[in-house]
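Q: Sequence:
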Amino acid sequence: MEALRKEREAREQLLNKHISTCKRKVGILDREVENINRGFEELKNKKAKIAAEHGDQNVNEDDIIVINVGGKVITASRGTLTYQKGTMLEALFSGRWDKEIQCDGLGHIFLDVNLECFQVIINYLSMLKYSSEDNISGCLDVEKELQPMLDSTMTYFGIKDTTTSKNDNQSLSTGQSDQQTQAELPDKATWETMTFDEFPTTPMDIQESLRKEQTSMKNAKEELQTAKENLEKEHSFIQHVSAQSLDDIVSFNVRGTMM
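Residue numbers (the numbering used here): 1 to 259.
No wet-lab data here; the hints were simulated from the structure. Some hints here could point you the wrong way.
[Stated by the list, open to error] BS3-like mimics (lysine-lysine), calculated; alpha carbons at most 25 Å apart, straight line: (1) K99 - K72; (2) K221 - K23; (3) K85 - K129; (4) K233 - K160; (5) K44 - K72; (6) K212 - K85; (7) K99 - K49; (8) K218 - K233; (9) K17 - K6; (10) K44 - K129; (11) K233 - K47.
Using the sequences and the hints, build the whole thing.
A: Given below as structure tokens:
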């Protein structure tokens with residue numbers, strides 16, 4: 001009977017140790033989630049302040065934007081133009097900088113870029129918005145001589161080829177080990193470096209659940225940092241796009257077509 005009592009005490013101690021460790025590590029994750037959420041809220045408020053000072057706060061994704069691209073007028077929805085968040089194209093058509101953007105004599109946003117390349121980008125974003133990634137593989141295919149111009153235009157506006165990014169991410173994830181180092185002492189662990197291997201694998205798989213949450217937090221943290229950096233770049237980008245004077249925008253009537 002004494003042996004049974006000791007075994008039960010040992011089991012209780014082990015269980016309490018797991019519970020205490022789990023609560024402590026979950027608490028570390030919870031505090032960092034609060035920090036991340038606070039960071040995104042501050043970013044949202046900063047964007048709203050910029051829109052109030054430099055643009056229009058009352059914009060809608062369904063707005064149809066008329067754009068003068070190198071003398072040709074094209075249209076696209078705001079939702080398509082801003083589909084890839086954090087890009088300079090998204091900043092340009094987000095509404096935040098509407099008071100700063102250069103327009104032609106008819107009030108159309110003027111962009112001095114290659115029309116064909118810009119149309120390819122719009123088509124690509126539209127496909128991203130309305131189709132699955134399996135259907136967009138050929139959207140960015142252009143003639144060989146136009147490829148450098150398209151690459152340059154995409155870089156200028158910060159547009160990402162998600163098919164390439166997807167392949168890169170798969171390669172990175174394949175090369176990374178799922179197991180983290182155990183060298184960290186529990187008391188010195190941070191939310192990024194702490195491990196969960198001391199928890200037993202159960203039907204709910206506590207270890208895997210905590211690791212997935214940790215990974216998602218790292219991704220959110222990186223997303224927040226990138227968004228902050230891009231917001232800092234927006235104003236100088238808008239100034240560059242709008243560097244031309246209205247006097248520099250020349251319209252031609254070519255056989256009845258205004259260009």
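Q: Now tell me, hint by hint, if it's right for this structure.
A: Hints, verified against the model:
no.	hint	in the structure
1	K99 - K72	holds (22 Å)
2	K221 - K23	holds (22 Å)
3	K85 - K129	holds (12 Å)
4	K233 - K160	holds (17 Å)
5	K44 - K72	violated (34 Å)
6	K212 - K85	holds (24 Å)
7	K99 - K49	holds (14 Å)
8	K218 - K233	holds (23 Å)
9	K17 - K6	holds (16 Å)
10	K44 - K129	holds (22 Å)
11	K233 - K47	holds (13 Å)
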